[in-house]
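Chains as they are written, first to last, in our numbering: chain A, 1 to 434; chain B, 1 to 434.
No wet-lab data here; the hints were simulated from the structure.
Mixed in with the good hints there might be a few duds.
One copy or any two copies: either way a pair holds, since identical chains are not told apart in the list.
Claimed, not checked - Okay, derived cross-link-like pairs now, DSSO-like style, lysine-lysine, Cα gap no bigger than 30 Å in a straight line: (1) LYS335 to LYS34; (2) LYS335 to LYS268; (3) LYS401 to LYS86.
Quantities reported herein were computed from a predicted structural model and do not represent experimental measurements.
Protein chains: 2
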Amino acid sequence: SADAAIETIVHFVETAHPVDLAAWIAELPYEQAKSEILTLDLQRRVRTFGYLPASFQAELVAWLSRGELAEIVTRMSADDRADLFKLLTPEQQQRLLRDLAREEREDIRRLSSYAEGTAGAIMTSDYATLSADMSTREAIGLLRREAPEKETIYRSYILDSERRLIGSIRLHELILAAPHTPVSEVMDPSPISATLDMKQEEVAQMIEHYDLLALPVIDEGGRLVGIITHDDAADVMQRETTEDFQRIATVSPFSENMREASVAVLYKKRIFWLSLLVIGNLFSGAGLAYFEETILTYVALVFFLPLLIDSSGNAGSQSATLMVRALATGDVTLKDWRNLILRELLIATALGLTMAVVVSPVGLLRGGSDIALVVGLTMIMVVIIGSLVGMSLPFLLSHFKFDPATASAPLVTTISDAVGVLIYFSIATAILIP
Amino acid sequence: SADAAIETIVHFVETAHPVDLAAWIAELPYEQAKSEILTLDLQRRVRTFGYLPASFQAELVAWLSRGELAEIVTRMSADDRADLFKLLTPEQQQRLLRDLAREEREDIRRLSSYAEGTAGAIMTSDYATLSADMSTREAIGLLRREAPEKETIYRSYILDSERRLIGSIRLHELILAAPHTPVSEVMDPSPISATLDMKQEEVAQMIEHYDLLALPVIDEGGRLVGIITHDDAADVMQRETTEDFQRIATVSPFSENMREASVAVLYKKRIFWLSLLVIGNLFSGAGLAYFEETILTYVALVFFLPLLIDSSGNAGSQSATLMVRALATGDVTLKDWRNLILRELLIATALGLTMAVVVSPVGLLRGGSDIALVVGLTMIMVVIIGSLVGMSLPFLLSHFKFDPATASAPLVTTISDAVGVLIYFSIATAILIP
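With the hints as constraints, model all of the structure from the sequences given.
Right, dumping it as structure tokens:
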């Protein structure tokens, strides 16, 4: 019944985790979304709003009154607030700044000023600071007063009088220490930190590498300017990985959710590489035209063409994709190239031999022993060349500061195809034509 | 000089983060690694040992005395300890169990008993528990005594007399509350939890979805049996993603580090799919043989063969790889298939038309207007079919409980090649042969 349905929804709105509540609200029309948001108590309203997709937040701003908006924005975490601010129109930005207290106003201006892609752009100013000469008891008292305002108080940062970062300490270390111990005696005096201009991926990898909950960010003068939390780092890693997937699919990177991306966006992101590869493939065609005579004399050679060029491309795609991932995780670095190329040569030779053995009987059956020999030899050669191209291309791209993931399966396939056609018909012409 | 070099090393060993120290030690021969480990003070020794690669830990066990080993293992985090235990020989396991206290012995047996890939196999028993009727002051006192033993005390779990999970509370919430408040009044009475048999990926996704630091795991009776921490969840996600990369490269999944994997392992992991695809490609060859007459009459058709079958494969690889990623992140679910297939049809038609326009002039130049017509029409058809195959295959695999990442670029390419050859020469025969 309708009553039961309403009751179910009311129960959901009252008890669901803000993450799930936000996902539900994001599917509603803006006006209805607004009224659902406003029925929540303030703390829940702020958390739920923070989990809405950024574009939805920005749209919703138009539906909220100035007072309703300021109330939410003031209590949002500093980094979410700065992200929202960047999405607003200049008029909305001005209106919002007027309604905020001076401290939030300056904070929002500062955090939204860092270049996209840098540590500065994902850090937050919601961290707790202490000074070294406090006792642990005083420190806990200070945190007790400040805690509700801060995104993470699991770790506090110790600053000198110039705001330079001189140590860090975990909450439970403060609680465990004797009450009158100075903070300087129990703090970690050399905390790991990042600088403002570091790339987001680097920062995210540091957080993962050292299993950190948060990473402090310092400016050129060693002054603490923000922290980056583990969940924001995980989001960066996830975005980077999705971008790698897009690149190895020869799709230009895009940030839209795959389910919601429009026909126009996907067309634009896919057509560039597809057209470029068409031009690359015309070389294979030109190569074939050169061997017209051989083809007309031994038409059976054509039957093995898709097989041979695909096998080369497949072996190359394997190597390329494995390398792209290994470079992204740091399992392999640029200097490993020399050691890996010899191993690749051995593997590719073994693969090529095996595949030649698989395919030669078919060659024998279809075109006789000469054709079988040509097909077998070509298979060995193209698998080796495909693998070496596939393995080297990510390193080469990385060396010249391109994203190694650009060494996509289709790109490797197109390159090995052109080379494969030449090898195939050169071998054929040498062996078959007297 | 040699002295300066030694000093640098000593300084590094004394000050480096355990993560970096472990990475350095893992490159040393076992005997030297052992003596470096033993020069560290106990706390640092345990942390550094915990960061060594699991296989290196297992090898090192043979070099440590029973006392040295028991001292380290007793202080390791419960999940790392259970992981190490699983890698030891039966004799080493027995020897180690004899040297541990009863509590650790039972814990190690229990934690190492869960099936690989389940929540049980990655959880740890280092969590802090409280009861609901304690005051917050009593709770803090208890944590103060227990804290050094526990991996994470940022959140404590509240159990009833049957050890059933009835709430959770964060450390700073305890500190903020008035000292005589009962824990039951300030705890979160419905914490998110996982069950023992849930898959690791699901658990890792929950932790990421809700931005948790740790997720409690309960048994069928609702009793708390362990927690899974955010860093272990991040490791699971990373492994899963690497496996997806391997699958879309048609490489059978392997867990070795790419830099250290042997020729034999890589050969074995790569040859299965390569050989299978050879057989798939033989269909394209058989298709071509059927059109021998057309080929001999219009040899120019062969020049466009690599281009057309590659374009189909490339468009298909794009769709497949985008879908594999979207399914892995949860951006797209099985039920979205219907909505996405129509969009894909529109995009693919636009892509096919554009590519036909790019390639038709070349057709005109090489073979006249009839060939240009055949090549253009084929291009539109094969791009549409490649895209639809690429988009649907991951859904189909997922529906039948296979890993969608099996819809790799090479598999999609092979399928669209066989179909593409048939389409190409059918269109050619229909238009060109009177």
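Hint check:
For the identical chains of this complex, LYS335 and LYS34 are inter-copy neighbours only, at 28 Å across copies versus 55 Å inside a copy, given an alpha-carbon limit of 30 Å. Taking the shortest Cα distances, LYS335 and LYS268 sit within 30 Å of each other only across copies (26 Å), while inside one copy they are farther apart (36 Å). In the homo-oligomer, the alpha carbons of LYS401 and LYS86 lie at most 30 Å apart inside one protomer (29 Å), although the nearest pairing across protomers, at 42 Å, exceeds that limit.
Violated hints: none; the structure is consistent with every hint.
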